[in-house]
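Residue numbers (my numbering), protein chains in the order written: chain E, 1 to 402; chain Y, 1 to 217; chain P, 1 to 285.
Please note that the accuracy of each hint is not assured.
[As the list claims (entries may be wrong)] Capping the alpha-carbon separation at 30 Å, the derived lysine-lysine pairs in DSS-like fashion look like this:
#: 1; chain 1: E; residue 1: 179; chain 2: E; residue 2: 58
#: 2; chain 1: E; residue 1: 58; chain 2: P; residue 2: 90
#: 3; chain 1: E; residue 1: 234; chain 2: Y; residue 2: 56
#: 4; chain 1: E; residue 1: 370; chain 2: E; residue 2: 179
#: 5; chain 1: P; residue 1: 40; chain 2: E; residue 2: 123
#: 6; chain 1: P; residue 1: 40; chain 2: P; residue 2: 15
#: 7; chain 1: E; residue 1: 58; chain 2: P; residue 2: 56
#: 8; chain 1: E; residue 1: 138; chain 2: E; residue 2: 58
#: 9; chain 1: E; residue 1: 253; chain 2: E; residue 2: 58
#: 10; chain 1: E; residue 1: 358; chain 2: Y; residue 2: 2
#: 11; chain 1: Y; residue 1: 67; chain 2: E; residue 2: 138
#: 12; chain 1: Y; residue 1: 67; chain 2: E; residue 2: 234
#: 13; chain 1: E; residue 1: 123; chain 2: P; residue 2: 92
#: 14; chain 1: E; residue 1: 358; chain 2: Y; residue 2: 61
#: 15; chain 1: E; residue 1: 292; chain 2: P; residue 2: 90
#: 16; chain 1: E; residue 1: 370; chain 2: P; residue 2: 278
#: 17; chain 1: Y; residue 1: 67; chain 2: E; residue 2: 174
#: 18; chain 1: Y; residue 1: 2; chain 2: E; residue 2: 234
#: 19; chain 1: Y; residue 1: 61; chain 2: E; residue 2: 174
#: 20; chain 1: E; residue 1: 170; chain 2: E; residue 2: 370
#: 21; chain 1: P; residue 1: 90; chain 2: P; residue 2: 160
#: 22; chain 1: E; residue 1: 170; chain 2: Y; residue 2: 56
#: 23; chain 1: Y; residue 1: 67; chain 2: E; residue 2: 253
#: 24; chain 1: P; residue 1: 56; chain 2: P; residue 2: 250
#: 25; chain 1: E; residue 1: 292; chain 2: Y; residue 2: 2
#: 26; chain 1: E; residue 1: 234; chain 2: E; residue 2: 253
#: 27; chain 1: E; residue 1: 58; chain 2: Y; residue 2: 67
#: 28; chain 1: E; residue 1: 123; chain 2: P; residue 2: 90
#: 29; chain 1: P; residue 1: 15; chain 2: P; residue 2: 278
#: 30; chain 1: E; residue 1: 179; chain 2: E; residue 2: 234
#: 31; chain 1: P; residue 1: 90; chain 2: P; residue 2: 250
#: 32; chain 1: E; residue 1: 358; chain 2: E; residue 2: 370
#: 33; chain 1: E; residue 1: 370; chain 2: Y; residue 2: 61
#: 34; chain 1: P; residue 1: 279; chain 2: P; residue 2: 15
#: 35; chain 1: E; residue 1: 123; chain 2: E; residue 2: 370
#: 36; chain 1: E; residue 1: 58; chain 2: E; residue 2: 123
[Unchecked claim] What follows is a set of in silico ranges between Cβ atoms, one per label pair, in the way DEER data are often shown:
#: 37; chain 1: Y; residue 1: 40; chain 2: E; residue 2: 175; range: 36 to 42 Å
#: 38; chain 1: P; residue 1: 53; chain 2: E; residue 2: 392; range: 39 to 45 Å
#: 39; chain 1: P; residue 1: 16; chain 2: E; residue 2: 170; range: 54 to 60 Å
Hints listed in this document are in silico derivations from the structure and should not be mistaken for laboratory results.
Built from N, CA and C at the ideal position, the CB exists for glycine as well.
Chain residues, written in single-letter form:
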Amino acid sequence: MKHSRLSFILISILFLSPLSGQPPPDSGNPPPLVRPAEEIRAFDTPNDAGNSITITWKRSPDDIADQGRFDGYDILRGRSPDGPFELVLSVPGGGNENNPLYKTCLDNNTEDGTEYYYAVDAKAFGTTTRAVSRMPAKSSQQWFNTDLVNMLIAVIFLSAAILYYIAGAKSGKKLYIRKIAGLEAVDEAVGRATEMGRKIFFVPGTQDMDNVQTIAGLTILGRVAKVAAEYEAKIDVPVSRSLVMVTAREVVKEAYYNAGRPDSYSDDMVYYLTDDQFGYAAGIDGLVVRQKPATIFYQGAFYAESLILAETGNSIGAIQIAGTAMASQLPFFVAACDYTLIGEELFAASAYLSHEPKLLGSLKGQDLGKLAIILALVVGLIIQLSGAYDFASIFSVSAGGE
Amino acid sequence: MKREIPMIIAGTVGIVLIIQYFIPAEPFGTLNDVFSDWFSIIQASAIWLGALNLIKVSGDKIYRRHKDWPYAAIIIVSFLVMVIIGFFFSGGRRFLDPGTPFSQMYDYVYSPLTAMMFALLAFFVASASYRAFRARTREATVLLLAAFFVMLGRVPLGDMLTGWLPRWLHMSEVASWIMNIPNIAGQRAIMIGIALGTVSTSLRLILGIERSYLGGE
Amino acid sequence: MAGPNRADFWNSMMKIDRRIIFLFIFVAISVPMFLQIQLKIPTSPEVESLVATLDKLPDGARVLVSLDYDPGSEPELQPMAETFFGYALKRKFKVIVIGLWPQGPIQAERAKPIAETQAGRQFEYGIDYVNLGYQAGNELVIQRMGSSIPQTFPVDYFGKPITEFPIMQGVTNFSNIDYVFNLSAGYPGTVEWVLFAVDRFNIVLGAGNTAVQAPQVYPYLGKQLKGILGGMKGGAEFEILTGLPGRAVKYMTGQTFAHTIIVLFIIIANIAYFTTRKKEQGGLS
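Here chain E stands alone, though its shape is the one from the complex (with noise of 0.2 Å):
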């Protein structure tokens, strides 16, 4: 009975203690080893321009029981696996956050084509423990990054349709395209403008021509100086960027030329405000207020500065024509202005305004891709729902390494 009894209690002892086989360290023992990490692998960071190599490795069990007592893993790298190794980095415990069994850290100082070995050194209790890789790896750039393949199928995908529907336009198939209320209105509010002797103003967004919605506000500019010539009512484009008014002024040149007016037309018609957001749009309420303008065009990128924009054109009662792609701005034009280019309907304006049969064309392969996308979003939610494939895999674009 007395043997029982205490073989019971050494038993207990030992099935308490919270490291089995690992006494504390401040016990007066002396610090338990560390384990080391497990399954070392390097290997060439995979898509990459080189000089990359990635180390992954299952982790301590000592980091795996208890994170918050573990000092982390230094990596080392030499050029043979008995050393000598230097420092590379440290990084902290912990694991990756889709296998938070194993570790992967990036060592991105390597030479191309030099093989080297790796040492994971696991640190707790104040010991390391050293693992080392068993295959060396060596680091090489690729010439084809292979997670974009979807993007790659993509792009051929939808510049394929453009591109065919482009071609057979030219055939002189009549293509039709639905009305946009904003695009039919643009006769009349410039037609408004000349009969009450008022301005037109075009703004043109608040970003730089490297942005696509400038470019698309800048052709419907072209357009719309063209009807402006035409009837001959006065133009103002007050601009936030340098670049988009030295484009604005070529532009409206040749609206006015191809009009048949070009001694109509003056630089002074396209000008300068500001780069900085509030004090460009400080700047238009100030000319719109006191200049009052019968129509206003809002056609390119706008930010936080759409409503304060449209509400004060609205104050003075000028007719508002708005196009922007920032889905988020997209509410506050469609409360203040007349008219609203949604989206897309902003780069179809070209088109829409020229009835040119190549634009049009461009508009009928973008809808065959929004088509796809449509059939792509019905199918993946059924397969999704029944459970059978991850579809939604397949649109996933990732950064390269496991």
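Got chain E; can you put chains Y and P on it based on the hints?
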């Protein structure tokens, strides 16, 4: 050639940058960075065009005694004050250090003015809402109700009014649902359309089909 | 003659001068600033998620704070910056500040003393705080930081080489950063951090956005974005969950009154609309 050369440049650069997106190896991997750096340099250099134009236009207004000439005078004076104080009276490269005259102008002039312009949104949102949120049609009524729930759900008053209901009917929960489900669905749909429009426009620009930005048809 | 007077009243309500609306909004926002009204602010899952991620970080974690806004967005985003710095002081984080907007680093220097006063302790520059300043290039800056942060920011905001600062020892790129906190008012901002840092370099990202900008980043919540502070309310919830009440909680009272006034005006506008429409239809028949 005046239009052909820019078209060729635009097309070549466009195609190269599309190709480089898929190729990590040098020099393709860094081409995007290189071109963007060059654009930043051109953009920064071009700011003088704008600044000089601003001075010219404002100077013209003052000279011709245009009816808005006082505003033009304010523009020129403000511009010169900021530039002169920033360049010459604010410790050179340390012009942004706290306490320098430039830093004080930033804190006591620029910051309040910018904040004030942004604050106008609060007032304009109210007047725009008053005008726009009327139940003229079924869709307008849905918009009105969504605005009602989101506006009250985003402030504590909403939950105070609906605290007695099950949690999923609290205004904040309904507002969260509206923002996270139908709002995101709508935003994503618009973003997809915008992306397609961007691809189409970019392709037209690269292939030289769209030439209006160069001036002309 | 109650009928025609009532019709005139609703007709005039349809066309009310916007300055009357502005006046009501002004009163609704400004008066609560002088009153001590405490409102119970419920917290949302988005903010709880952000704070939970922060709580999981170890004490002394290295965090990168990117302030991508200007004074125009200060009322919404500056309280978030102050609260984050206060939380960082509490948890002894090592804070590295950058800006993709030129005004961002300046905003950091304005938020820091307020957080230090509230926390009752100061950051030690170079040891647990450094401001690397602004770098031009928008999303390219993020890309470059993925390769090398020292090469992207060789000197700090005050022109000193970063090699002098202990906090930057061992910082090569994002793999040496435990958490990135982005405050954004537009472009470049949270969307760029998601696309160029999370997707490429697998950083852990939390963000604060203006109320207008927040809906744009909701699609990234959960996967790429570990929580978001949306607008003033998000900032107030952040203050409550971190136990560091500040300006956002105070401003929520004004926002509550303002929203209520707007809702009341919308109700009035609709009553006026239906009343005048009824009158017109009644007149026609």
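Comparing the hints with the structure gives:
1. E/179 to E/58: 61 Å, violated
2. E/58 to P/90: 33 Å, violated
3. E/234 to Y/56: 20 Å, holds
4. E/370 to E/179: Measuring from Cα to Cα gives roughly 18 Å; hence the hint holds.
5. P/40 to E/123: Distance ~47 Å between residue 40 of chain P and residue 123 of chain E Cα, so the pair is violated.
6. P/40 to P/15: 36 Å, violated
7. E/58 to P/56: 22 Å, holds
8. E/138 to E/58: 21 Å, holds
9. E/253 to E/58: Given that 30 Å is the threshold and the Cα spacing comes to 67 Å, the pair is violated.
10. E/358 to Y/2: 22 Å, holds
11. Y/67 to E/138: At roughly 73 Å apart (the allowed maximum being 30 Å), residue 138 of chain E and residue 67 of chain Y break the hint.
12. Y/67 to E/234: 17 Å, holds
13. E/123 to P/92: 22 Å, holds
14. E/358 to Y/61: 44 Å, violated
15. E/292 to P/90: Judged against 30 Å, a Cα distance of about 55 Å means the pair is violated.
16. E/370 to P/278: Answer violated: residue 370 of chain E to residue 278 of chain P is near 43 Å, above 30 Å.
17. Y/67 to E/174: Violated, at about 51 Å.
18. Y/2 to E/234: 27 Å, holds
19. Y/61 to E/174: Outside the cut-off at roughly 50 Å; violated.
20. E/170 to E/370: 22 Å, holds
21. P/90 to P/160: Within the cut-off at roughly 27 Å; holds.
22. E/170 to Y/56: 47 Å, violated
23. Y/67 to E/253: 26 Å, holds
24. P/56 to P/250: Holds: residue 56 of chain P and residue 250 of chain P sit about 28 Å apart, inside 30 Å.
25. E/292 to Y/2: Violated, because 37 Å separates the two Cα atoms, which is more than 30 Å.
26. E/234 to E/253: 13 Å, holds
27. E/58 to Y/67: 77 Å, violated
28. E/123 to P/90: 27 Å, holds
29. P/15 to P/278: Answer holds: residue 15 of chain P to residue 278 of chain P is near 17 Å, not above 30 Å.
30. E/179 to E/234: Satisfied, since the Cα-Cα distance of roughly 27 Å is no more than 30 Å.
31. P/90 to P/250: 22 Å, holds
32. E/358 to E/370: With a Cα-Cα distance of about 19 Å, the restraint between residue 358 of chain E and residue 370 of chain E holds, given a limit of 30 Å.
33. E/370 to Y/61: Roughly 50 Å separates the two Cα atoms, so the pair is violated.
34. P/279 to P/15: 16 Å, holds
35. E/123 to E/370: 54 Å, violated
36. E/58 to E/123: 14 Å, holds
37. Y/40 to E/175: 36 to 42 Å: At roughly 40 Å between Cβ atoms, residue 175 of chain E and residue 40 of chain Y fall inside 36 to 42 Å, so the hint holds.
38. P/53 to E/392: 39 to 45 Å: 23 Å, violated
39. P/16 to E/170: 54 to 60 Å: Holds - the Cβ-Cβ distance for residue 16 of chain P and residue 170 of chain E, about 56 Å, lies within 54 to 60 Å.
Checked against the numbered hints listed earlier, the structure breaks hints 1, 2, 5, 6, 9, 11, 14, 15, 16, 17, 19, 22, 25, 27, 33, 35 and 38; every other hint is satisfied.
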